[in-house]
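Novice: These protein sequence lines map, in sequence, to chains F and V. Using the working numbering, read the first sequence as starting at 1 and increasing by one per residue. Using the working numbering, read the second sequence as starting at 367 and increasing by one per residue.
Treat the hints with care, as some may be off.
A few chain F residues that face chain V, going by a derived Cβ cut-off under 10 Å, partial list only [as the list claims (entries may be wrong)]:
hint, residue
1, Y139
2, V324
3, G343
Computed from the model, here is a short list of chain V residues facing chain F with C-beta under 7 Å [said to hold, decoys possible]:
hint, residue
4, S386
5, H388
6, F389
7, M393
8, A400
9, A409
10, T411
Quick list of the computed label-pair ranges, beta carbon to beta carbon [as the list claims (entries may be wrong)]:
hint, chain 1, residue 1, chain 2, residue 2, range
11, F, F319, V, S508, 40 to 48 Å
12, V, P415, F, D189, 55 to 63 Å
13, V, G370, F, D189, 38 to 46 Å
14, V, R391, F, N79, 47 to 55 Å
15, V, F373, F, T4, 52 to 60 Å
16, F, L198, V, E417, 29 to 37 Å
Hint data in this document are derived by calculation from the structure and do not stem from the laboratory. Beta carbons are placed, not taken as given, at the ideal position from N, Cα and C, and that holds for glycine.
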Amino acid sequence: MTATLLDVGIVFGRVFFVIMFVLNLGGLLGWVERKQSAIMQDRIGANRASIFGLRVMGLFHPLADALKLLTKEDFRPANADRFLFWLAPFVSVFFALVSFASIPFGDTLHVAGRDIPLQAITLNVGVLYVFGMLSLGVYGVMMAGWASGNNYALLGGQRAAALMISTEIAIGASIMGVIMVYGSLNMQDIVRGQGTLLLGWLPAWGIVTQPLAFILFLTAGIAATKRAPFDTPESESEIIGYFVEYSGMKAGMFMMSDFLETVVIAGMTTALFLGGWQVPWLMADGFHFPWGAVVTLPHLAVVLLQVTAFVVKVGVMIFIMMLVRWTLPRFRYDQAMRLGWLGLFPLSILNIVVTGAVLLLFGRPA
Amino acid sequence: MRLGQRFYLIEAIQGVLLTSGHFFRNMGKHVAHALGRKNARGAVTIQYPEERRPYSPRLRTLHRLVRREDGSPRCVACMMCETVCPARCIYIVATEHPNPEIEKMPERFDIDLGKCVFCGYCVEACPEDAIRMDTGILEFSSYSRRGMVYTKEMLLSLEPIGPDGRPTSPVPIPADRSV
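Please construct the entire structure, taking both the sequences and the accompanying hints into account.
Specialist: Spelled out as structure tokens, the structure:
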């Protein structure tokens with residue numbers, strides 16, 4: 001009985017870790033976005049929120065924002081659909097939050113005779129799960145657009161749906177190349193496959209074996225987060241977007257879901273293309289450098305290094321996505337469609353064909 | 367458009383390189399500043415209430431009434447400023463000066479700063495150099511129109527701007543505002 005209780009506790013712990021990681025990172029991104037954009041533009045950025053005169057580089061601003069949003073009036077337009085209007089932000093946040101579940105943040109942890117997979121849920125079709133959950137998130141946006149009873153919101157929701165379809169296909173097709181190379185739909189297996197070495201020294205990360213798919217996935221992934229340069233559903237300068245009628249914490253939840261999707265896309269890019277939790281040349285028992293040196297490490301240190309590597313990689317990916325978001329201007333609606341259907345989609349099909357040909361000729365790496 | 371520009375990816379990467387260059391350069395300066403090199407500045411921002419850019423000496427700011435040696439206003443209530451004021455924001459009531467050498471002095475000298483356009487004509491017109499606009503005070507505000515009327519006593523209490531470009535006297539509190 002105690003053993004099963006412990007097992008349940010471990011499962012809850014795994015889920016708790018992932019949820020806390022994604023939620024807190026998502027909340028922190030509000031601060032990251034402000035500060036990073038400020039530093040990129042030779043500004044200082046929000047730094048005035050303080051607790052007892054302590055400012056800590058404006059780190060209290062997300063807290064102040066949340067307090068403000070929670071105390072705002074929760075307004076519902078007279079001709080809005082009461083139930084769907086209420087449901088939409090929850091759907092949006094829910095799917096953004098759960099999609100991180102099957103992304104592994106470390107190798108299997110062996111403690112006291114137990115094997116704990118460092119992953120919220122172990123799925124043998126993890127890639128499809130993340131992909132599916134990410135696509136379902138658009139229902140929240142469409143719901144919000146339709147239920148608001150506002151033509152501009154409807155336009156925004158419709159744009160979100162169109163953008164989602166044109167980019168999700170590119171995401172799916174570019175992932176296909178990775179799945180073909182590593183021969184699995186299980187995220188953990190894909191990450192393990194990236195631990196092998198090409199030519200004896202080059203880690204077989206997805207970015208090495210699938211460079212084109214990496215660019216396509218990143219582009220489509222940024223589009224899937226609905227943030228600039230693909231923020232046509234929002235377009236604050238023209239239609240204000242699907243959440244134009246939302247106020248208070250519900251508007252905050254839509255903003256939050258954008259940040260959560262950024263975290264999920266960063267995590268997925270890390271897992272599929274940047275080797276997930278892999279540290280170059282770190283095997284299960286320590287470092288095996290290509291020049292022959294061997295540094296043995298205890299199991300716990302190895303796992304800790306792997307989790308740290310995963311977090312650092314996710315951070316770097318978020319940094320890059322923020323960089324793109326604050327560099328490029330918004331694509332016009334038709335330009336975004338053209339990029340999705342005439343740029344990303346054919347290229348990702350080409351990537352599948354080339355990958356298949358190479359695999360047929362040379363076989364899988366290691 | 368060139369082919370490279372149509373392709374967009376190269377242009378996007380160039381843009382990202384530019385902005386990330388700014389990021390890392392500024393970040394390095396911020397870190398150097400935090401580590402003690404106080405002349406390293408990662409931003410061009412002037413943190414306004416604590417930090418001010420030096421004002422030009424000819425900047426026209428809140429008016430003040432110049433005092434004589436005995437503390438009475440130098441103003442002789444000649445009404446020149448009230449006449450020349452295009453916004454008609456000056457209101458003067460004249461009275462006798464206790465000193466028989468001086469003919470008049472203002473009993474009331476109100477400036478409605480809600481109307482004032484800060485043209486400086488009153489300073490130009492004054493034959494006695496009794497009104498100046500050199501206090502360096504820009505932050506006067508009120509919750510009511512009535513509170514924007516600054517009286518003789520308030521205007522007499524003000525001092526000229528300091529040599530460091532900072533106002534030396536505090537902003538006078540209007541009568542209708544408690545804080």
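Novice: A separate judgement is required for each hint: does it hold in the structure or not?
Specialist: Verification of the supplied hints:
no.: 1; hint: Y139; verdict: 30 Å, violated
no.: 2; hint: V324; verdict: 6 Å, holds
no.: 3; hint: G343; verdict: 9 Å, holds
no.: 4; hint: S386; verdict: 6 Å, holds
no.: 5; hint: H388; verdict: 5 Å, holds
no.: 6; hint: F389; verdict: 5 Å, holds
no.: 7; hint: M393; verdict: 6 Å, holds
no.: 8; hint: A400; verdict: 9 Å, violated
no.: 9; hint: A409; verdict: 5 Å, holds
no.: 10; hint: T411; verdict: 5 Å, holds
no.: 11; hint: F:F319 - V:S508: 40 to 48 Å; verdict: 47 Å, holds
no.: 12; hint: V:P415 - F:D189: 55 to 63 Å; verdict: 58 Å, holds
no.: 13; hint: V:G370 - F:D189: 38 to 46 Å; verdict: 39 Å, holds
no.: 14; hint: V:R391 - F:N79: 47 to 55 Å; verdict: 52 Å, holds
no.: 15; hint: V:F373 - F:T4: 52 to 60 Å; verdict: 58 Å, holds
no.: 16; hint: F:L198 - V:E417: 29 to 37 Å; verdict: 55 Å, violated
Against the hints set out earlier in the document, violations occur for numbers 1, 8 and 16.
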